[in-house]
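Based on the provided sequences and hints, a complete structural model is requested.
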Amino acid sequence: MNESQYHQMVDDLLIDIEEMLDNCEVDIDYESASSILTMIFPDHSKIIINKQPPLLQLWVATKFNGHHFNYQEDGLWIDERTGVEFWSFLNDAASKQAGQTLILSK
Numbered sequence: 001m002n003e004s005q006y007h008q009m010v011d012d013l014l015i016d017i018e019e020m021l022d023n024c025e026v027d028i029d030y031e032s033a034s035s036i037l038t039m040i041f042p043d044h045s046k047i048i049i050n051k052q053p054p055l056l057q058l059w060v061a062t063k064f065n066g067h068h069f070n071y072q073e074d075g076l077w078i079d080e081r082t083g084v085e086f087w088s089f090l091n092d093a094a095s096k097q098a099g100q101t102l103i104l105s106k
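Numbering (this note's numbering), first residue to last: 1 to 106.
Just so you know, the hints here were simulated from the structure itself, not pulled from any lab data.
In this text the structure is predicted, and so the values were computed from the model without any measurement.
Worth double-checking, as some hints may not be accurate.
Distance condition first, Cα-Cα at most 35 Å in a straight line; then the derived DSBU-like pairs of lysine-lysine [unchecked claim]:
1) K46 - K96
2) K63 - K96
3) K46 - K63
Here's what the structure looks like:
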């Protein structure tokens with residue numbers, strides 16, 4: 001993957017998340033600026049998703065910890081520390097912070 005492909009893939013992913021949040025049954029606000037998407041939960045906790053272009057990674061910070069995702073040849077973003085796939089991780093983290101089960105995947 002080259003840098004141009006990386007930027008397009010992450011931009012598309014961030015837009016997908018915004019659209020999912022617009023249709024979510026839980027009132028999760030979000031702010032998007034400079035390749036950073038901040039999800040703001042009813043309890044005012046946040047999940048921040050941002051690009052890390054020098055490493056071609058996707059970084060996610062939750063109120064519990066931070067994670068770095070690498071793109072794999074099979075089309076998945078995988079957490080370099082835990083091996084968890086991005087959408088699975090996001091659903092779990094968002095559910096914990098919302099206090100109810102959420103499904104935010106394609």
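To see whether the hints hold, each was checked on the structure:
At roughly 11 Å between alpha-carbon atoms, K46 and K96 fall within 35 Å of each other, so this suggested pair holds. Taken as a hint, the K63 and K96 pair is honoured in the structure, with Cα atoms around 10 Å apart against an allowance of 35 Å. For the hint linking K46 to K63, the alpha-carbon distance of about 7 Å falls within 35 Å, and the restraint holds.
Violated hints: none; the structure is consistent with every hint.
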